[in-house]
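A.B. asks: Just so you know, the sequences run in chain order F and L. Residue 1 is where the first sequence starts when you use our numbering, and the numbers rise one by one after that. Residue 155 is where the second sequence starts when you use our numbering, and the numbers rise one by one after that.
Hints are computed from structural coordinates only; laboratory data are not their basis. Just so you know, not all the hints are guaranteed correct.
Result set (DSS-like, lysine-lysine): computed pairs, CA atoms no more than 27 angstroms apart in a straight line [said to hold, decoys possible]:
(1) L:333 <-> F:94
(2) F:51 <-> L:447
(3) L:571 <-> L:333
(4) L:280 <-> L:458
(5) L:571 <-> L:229
(6) F:79 <-> F:89
These figures come from a predicted structure and were not determined experimentally.
So the chains spell out like this:
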Amino acid sequence: MPVTRVLFPLYQLGNPQMRIFRPNWFLTLVRPGREQPPDTVQFRIPMEMTKFDVKNYLEKIYSVPVGAVRTRIQFGSNKKRNHLNQKVKQPDYKVAYVQLAQGQTFTFPDIFPEKEKTPKEGSMEEMQEKFMEDEKQRQKLDPRRGGVTEWFGL
Amino acid sequence: MTCHPKGSRIRQERNMAARTRLPLLFPKNLPPLRNKKLVHTEAVVKEPAYPPIVHSLTAKSKAARKRQVEEQVKKICASTAEEKLTLLTRIQRKKFVVYPQTFARNADRWYQHFTKTAYIPGLPEKFNLGQEEIGGEESSQPAAAQTAALGIGDDVFANIRSLVTREILQEFWHTNKRKPFHYRHQELMVGPFLRNLATRLTYGLAKYNPLLPFSSLDIGPSVHFYWRRGERIIPRGHRRGRLEPTRFQIDDNPLCQIRITEQLPQFVPMEASYTAEVPEITLAPNMMPMFRKQYDNNIFTGSKLPDPACYGHTQFHLVPDRYHRDWMARRNQSDQVEVFLRANALASLFAWTGAQAMYQGFWNNEDVTRPFVSQAVISDGKFFSFFCYQLNTLALSVQVDANNPRKNLLWGTESLKLYDSIQDGEVVGLNDGVLKLLVQFLLNQP
């Protein structure tokens, strides 16, 4: 569903409070580029959201206790040029640093863990690896010659 | 059987020959010692013919830079206190501005790291008498014994009590004050109460504390301090890759403060701080968040250097509207109330004691020889918190702090209610323990 233009009504004292029941906003949790304190979580948020929106969003929808929110807008560079020498703009985005309340901490998890490369027994990969190893072994020179080439000798 | 190549065997024989040069029979009379330098002789003092060889001052080398720094340090050590202050605060660079009253979360841990202070809950033993009273409202000891321990009579304490009640009623009951301006409730309603309380208590207890008649009570003073701690590598710019010390500046405005002519005695000896724990934070202060600015580096206790009342006694701070516990509760930050008070006391008292020490000529490379002590009372009208600070070390920069076991100490209480409420021109539930602590604080003398 495309992002439709939303006009919020102007609030005057005594009016009913604005309530958004199903916001069209989506937050993205990102790994911080710089090391952050343990209670800080970093999000990319839509440009239209404010600090108070982020706080309410996390508290009401995800029931995360939020202490403080700080936001900034990251300018996307307009410097690169394409093959037609036109400037290519990378989109701007808003970043929110959320500090959790009640002494909670958060560390960004390791999404791409290192996998051990031992293939299981009797599989194609193991046979292929063994074959490659034998080939490499055949290419190597006799270790007893101590690195001397085979061009000469008896 | 292994066969060694020929060369190594010869080498082995030569080495063996070198080791065993003595004759087969050990001689009884050894030949006379040729080397008489080891024997005690009169040292012959020879004037050096040439001046000492030192690194150059103006070359583009690390040794030259080191020598420049040493020369600067010697120059500062050899100057008077006023000149030291000017030399240390001469050059302006970007520095972190430390606000004692800050909205940042967990600010007290960060400030402890910046000032190398350890926090000890509760007050030092000197004030522990008062502490027991607050815990239990009805104490088994007779009232006379408690006030005798304070050093004043029972009737004097009753006078103080009535003074405080009158003060509370005057400000909050009798005076017809207009509706306060927006966001200025604390400043206009509670500020005058605290100021009058401090002033009248000081005057009332001046008879019992010989320091107070010669003290100076400042109203709305400013306290400034500038120091360096920690290093970082400059990431961008023409100075990229070089080490730069992180500079901090505190500009504080307590509600009122008392400055005295003699120094307060230490709470604990300096060696006791060696075992205290200071939280270590490896992140840059930017993450706190804290911001950098460049302006005049000031070091100021509240009055200029030649003032005889150069030592600090007590500071009174007012909690502004934004950090009042009701406002914090609205933002669901009730746990940060105590943190805010601790951070405030830490920063203010560190700045004050540090400035006092610098007025006496101590600085980063010439560490304090005696601890500097000050006290603070932070209140929002109803809740009072008491803090004591002992400055044991000013050596906070990286080179000097490497082998410095001393730490600064901050003692502090939780916030205690002075009175419960005011009803029909009567103060209900006046807490004697808090009053006793106030009196003890003001009566603190060497």
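A.B. asks: Against this structure, judge whether each hint is valid.
C.D. replies: So, going through the hints one by one against the coordinates:
1. Under the criterion of a C-alpha separation no larger than 27 angstroms, the hint pairing residue 333 (chain L) with residue 94 (chain F) is inconsistent with the structure, at around 41 angstroms.
2. Restraint check: the Cα-Cα separation between residue 51 (chain F) and residue 447 (chain L) comes to about 25 angstroms, which is no more than 27 angstroms; the hinted pair holds.
3. This hinted pair checks out: residue 571 (chain L) and residue 333 (chain L) have alpha carbons roughly 25 angstroms apart, not beyond 27 angstroms.
4. Our distance criterion of 27 angstroms between C-alpha atoms is broken by residue 280 (chain L) and residue 458 (chain L), whose separation comes to about 31 angstroms.
5. Between residue 571 (chain L) and residue 229 (chain L), the direct Cα distance comes to roughly 52 angstroms. Violation of the 27 angstroms bound is thereby established for this hinted pair.
6. For a cut-off of 27 angstroms, the pair hint linking residue 79 (chain F) to residue 89 (chain F) stands: about 7 angstroms separates their Cα positions.
Violation of the numbered hints given earlier is confined to hints 1, 4, 5; the remaining hints are satisfied by the structure.
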